[in-house]
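**Student:** With the hints as your guide, set chain R onto chain H.
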Amino acid sequence: EAGVTQFPSHSVIEKGQTVTLRCDPISGHDNLYWYRRVMGKEIKFLLHFVKESKQDESGMPNNRFLAERTGGTYSTLKVQPAELEDSGVYFCASSQVAGGGADTQYFGPGTRLTVL
Amino acid sequence: LAKTTQPISMDSYEGQEVNITCSHNNIATNDYITWYQQFPSQGPRFIIQGYKTKVTNEVASLFIPADRKSSTLSLPRVSLSDTAVYYCLVGENYGGSQGNLIFGKGTKLSVKP
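First to last, the protein sequences are chains H and R.
End of the first sequence = 116 in the working numbering, gap-free, step of one.
End of the second sequence = 229 in the working numbering, gap-free, step of one.
Looking at chain H on its own, in the form it has when it is part of the complex (with noise of 0.2 Å):
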């Protein structure tokens, strides 16, 4: 079974420059999150996906963030225009919906966004 990947694995853009990351979760699950690191940091939720429906998107900063998913399957997250503070790992990950009890996410490899 394919894991969650990530493209690209790693994206330089000047400030101002728009990006997209592409996330493929695992076939057949539901949930989709992204979340990121920025330098130094602790690894932060962003938001979270049930199928093509935003279930919690507490944790975008701010509107330069734009995150789809829609058909349910891959998301791609937009940062436009990108700061400086942008730069860091964008992890993304998902799981199935579970039917009670806790539920596994399966994280991808991360893109790492660095902003000059």
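Hints are computed from structural coordinates only; laboratory data are not their basis.
Given the structure is predicted, the values throughout are model-derived calculations rather than measurements.
Be aware that a few hints might be false.
[Unchecked claim] Residues from chain R that keep clear of chain H, each with C-beta distances beyond 10 Å, as calculated:
1) 124
2) 129
3) 169
4) 182
5) 194
6) 195
7) 198
[Claimed, not checked] Computed cross-link-like contacts, BS3-like style, restricted to lysine-lysine with a CA-CA straight-line distance of at most 27 Å:
8) 119/R <-> 54/H
9) 228/R <-> 44/H
10) 41/H <-> 54/H
11) 185/R <-> 221/R
12) 168/R <-> 119/R
13) 224/R <-> 44/H
14) 228/R <-> 168/R
15) 15/H <-> 185/R
16) 119/R <-> 185/R
17) 44/H <-> 185/R
18) 78/H <-> 51/H
19) 185/R <-> 168/R
20) 185/R <-> 170/R
21) 119/R <-> 170/R
22) 41/H <-> 221/R
23) 41/H <-> 119/R
24) 168/R <-> 41/H
25) 185/R <-> 41/H
26) 224/R <-> 170/R
All residues carry an ideal CB built from backbone N, CA and C; glycine is no exception.
**Tutor:** Here is chain R on its own, set in the frame of chain H:
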């Protein structure tokens, strides 16, 4: 969601058993305890999860006392490849409705030959 406290770092030698303890004094009734492992340049990887008593899988064991205010991840006979950051997370995950994980700083385990 309960706050967790764990050592910043630990050192060990190959072949030893490593125990990493996590404190979570404010754990709620519906909270599960989950441990993740992260290697450099990779995403966190699920290791083990439990609610109470002891859980064991092919990778590790998780010991949870009756009051559930702490938990201990036990790695038997570590090897150099176990060098990683280990995160203890506590939270309620039912049907994905409250699925966002809260990561702390984790424990950086260094295994030496």
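**Student:** Is it true that the CA of residue 224/R sits at most 27 Å from the CA of residue 170/R?
**Tutor:** Distance ~23 Å between residue 224/R and residue 170/R Cα, so the pair holds.
**Student:** Starting from residue 185/R, check that the Cα of residue 221/R is at most 27 Å away, please.
**Tutor:** Holds, at about 19 Å.
**Student:** Are residue 185/R and residue 41/H close enough, with their CA atoms no more than 27 Å apart?
**Tutor:** 25 Å, holds
**Student:** Regarding the assertion that residue 198/R does not contact chain H, is the least Cβ-Cβ distance greater than 10 Å?
**Tutor:** Residue 198/R clear of chain H: closest Cβ-Cβ about 18 Å, beyond 10 Å.
**Student:** Is the straight-line distance between the alpha-carbon of residue 15/H and that of residue 185/R 27 Å or less?
**Tutor:** Roughly 45 Å separates the two Cα atoms, so the pair is violated.
**Student:** Please verify that the nearest CB of chain H lies beyond 10 Å from residue 169/R's CB.
**Tutor:** Non-interface label stands for residue 169/R: nearest chain H Cβ at 15 Å, farther than 10 Å.
**Student:** So is residue 124/R really clear of chain H, every C-beta pair being over 10 Å apart?
**Tutor:** For residue 124/R, whose nearest Cβ neighbour in chain H is about 12 Å away, the distance exceeds 10 Å, so it holds.
**Student:** With a cut-off of 27 Å on the C-alpha distance, tell me whether residue 228/R and residue 168/R pass.
**Tutor:** Violated, at roughly 32 Å.
**Student:** Over 10 Å from every CB of chain H: does residue 194/R meet that, or does the non-interface label fail?
**Tutor:** 22 Å, holds
**Student:** Say whether it holds or is violated: residue 129/R keeps its Cβ farther than 10 Å from all Cβ of chain H.
**Tutor:** 28 Å, holds
**Student:** Keeping to a limit of 27 Å between CA atoms, is the pair of residue 185/R and residue 168/R held or broken?
**Tutor:** 10 Å, holds
**Student:** Can the restraint linking residue 168/R and residue 119/R be considered satisfied, given a maximum Cα separation of 27 Å?
**Tutor:** 18 Å, holds
Violated hints, listed in ascending order, are 9, 14, 15 and 24; each of the other numbered hints is respected by the structure.
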